[in-house]
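S.K.: Sequence:
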Amino acid sequence: MNDTDKLKQRFLNMSKEKQRRIYDRFAELFARLEADWKAKPENAGKAVPYKKLWDDFSSQRKEAEQGVDGYPPQGVETPER
Numbered sequence: 000m001n002d003t004d005k006l007k008q009r010f011l012n013m014s015k016e017k018q019r020r021i022y023d024r025f026a027e028l029f030a031r032l033e034a035d036w037k038a039k040p041e042n043a044g045k046a047v048p049y050k051k052l053w054d055d056f057s058s059q060r061k062e063a064e065q066g067v068d069g070y071p072p073q074g075v076e077t078p079e080r
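Each residue of the sequence shown is one higher than the last, beginning at 0 in numbering that gives the first Met the number 0.
In short, the hints are calculated from the structure, not lab data. Quick caveat, the model's predicted, so the values are computed rather than measured. Be a bit skeptical, because a hint or two may be false.
Using 20 Å as the maximum straight-line C-alpha spacing, the simulated SDA-like pairs for lysine to any residue come out as follows [claimed, not checked]:
| hint | residue 1 | residue 2 |
| --- | --- | --- |
| 1 | K17 | F29 |
| 2 | K7 | Y22 |
| 3 | K39 | Q59 |
| 4 | K7 | W53 |
| 5 | K50 | G66 |
| 6 | K37 | I21 |
| 7 | K50 | K17 |
| 8 | K5 | F29 |
Here are the simulated distance ranges between beta carbons [what the hints assert, rightly or not]:
| hint | residue 1 | residue 2 | range |
| --- | --- | --- | --- |
| 9 | P40 | G66 | 27 to 33 Å |
| 10 | A38 | M0 | 18 to 24 Å |
| 11 | G66 | L11 | 35 to 41 Å |
Using N, Cα and C, we set each Cβ at its ideal position, and we do this for glycine too.
Turn these sequences into a full structure, and let the hints guide you.
M.R.: So this is what it looks like as structure tokens:
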């Protein structure tokens, strides 16, 4: 079993309530990330895949951990654990 399968199994073994809370937090995060992305003039009228939003968010998190300015993105909070 690879890491992805282990993570999926771990999630599925959680209570339905905890799964719902995690789902809701990610839905809120992606809504904010998408709104911030669409607010940029160069992105007007364009669609963005969630993978791009996640990749941008992840790279900004990594930069922040290394002490780079600009994290978190404007209007986006880091999800609590």
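S.K.: Hint by hint, say whether it matches the structure.
M.R.: Hints and how they fare:
| no. | hint | result |
| --- | --- | --- |
| 1 | K17 to F29 | holds, 18 Å |
| 2 | K7 to Y22 | holds, 13 Å |
| 3 | K39 to Q59 | holds, 17 Å |
| 4 | K7 to W53 | holds, 18 Å |
| 5 | K50 to G66 | violated, 24 Å |
| 6 | K37 to I21 | violated, 24 Å |
| 7 | K50 to K17 | violated, 23 Å |
| 8 | K5 to F29 | violated, 24 Å |
| 9 | P40 to G66: 27 to 33 Å | holds, 29 Å |
| 10 | A38 to M0: 18 to 24 Å | violated, 41 Å |
| 11 | G66 to L11: 35 to 41 Å | holds, 37 Å |
The structure is inconsistent with the numbered hints 5, 6, 7, 8, 10, although it conforms to all the rest.
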